[in-house]
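Chemist: Residue numbers (our numbering): 160 to 260.
Please note that a few of the clues may not be correct.
As the list claims (entries may be wrong) - Computed spacing ranges between beta-carbons, pair by pair: (1) Asp240 - Glu205: 30 to 36 angstroms; (2) Gln232 - Val197: 33 to 39 angstroms; (3) Arg198 - Thr237: 34 to 40 angstroms; (4) Asp221 - Asp243: 18 to 24 angstroms; (5) Glu180 - Ala250: 14 to 20 angstroms; (6) Gly204 - Phe235: 17 to 23 angstroms; (7) Pro207 - Leu247: 21 to 27 angstroms; (8) Ser201 - Lys233: 41 to 47 angstroms; (9) Glu194 - Asp222: 17 to 23 angstroms; (10) Asp221 - Val197: 16 to 22 angstroms.
Just so you know, these hints were derived from the structure itself, not from any lab.
Even for Gly, the Cβ is constructed at its ideal location relative to N, Cα and C.
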Amino acid sequence: MDLKRVDRVFRILPKEERYYELFNTLVSAMVSGCELLVRIFSEDGEWPARVAELKAFEHTGDDATREIMALLQKSFVTPIDREDIDALATALDDILDGAYS
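Turn these sequences into a full structure, and let the hints guide you.
Modeler: Structural data, given as structure tokens:
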């Protein structure tokens with residue numbers, strides 16, 4: 160097997176790097192949403208405004224998850240296993256959905 164030829168083939172294949180950016184967006188929304196949830200329960204204050212803010216974080220997470228799943232359908236080569244990307248995105252989105260619920 161010619162390793163130089165194999166290396167050239169793998170350089171030609173498109174490798175999608177946008178996953179990292181989308182996961183950063185999803186994780187940031189999850190962390191911010193969960194921190195906000197802690198503040199909602201620990202402080203008296205304007206709950207409707209904070210719940211609306213939490214809903215915005217939840218929508219940001221949903222959008223990032225939707226983009227990750229769409230990208231997963233289009234990508235030929237992924238930076239990690241497809242199943243792992245799907246499981247991680249779903250788990251992070253579930254955490255944010257639970258915080259909003």
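Chemist: Now tell me if each hint is right for this structure.
Modeler: Hint check results:
no. : hint                                : result
1   : Asp240 - Glu205: 30 to 36 angstroms : violated (44 angstroms)
2   : Gln232 - Val197: 33 to 39 angstroms : holds (35 angstroms)
3   : Arg198 - Thr237: 34 to 40 angstroms : holds (36 angstroms)
4   : Asp221 - Asp243: 18 to 24 angstroms : holds (20 angstroms)
5   : Glu180 - Ala250: 14 to 20 angstroms : holds (19 angstroms)
6   : Gly204 - Phe235: 17 to 23 angstroms : violated (49 angstroms)
7   : Pro207 - Leu247: 21 to 27 angstroms : violated (32 angstroms)
8   : Ser201 - Lys233: 41 to 47 angstroms : holds (42 angstroms)
9   : Glu194 - Asp222: 17 to 23 angstroms : holds (19 angstroms)
10  : Asp221 - Val197: 16 to 22 angstroms : holds (21 angstroms)
Going down the numbered hints, you'll see the structure goes against 1, 6, 7, while the others check out.
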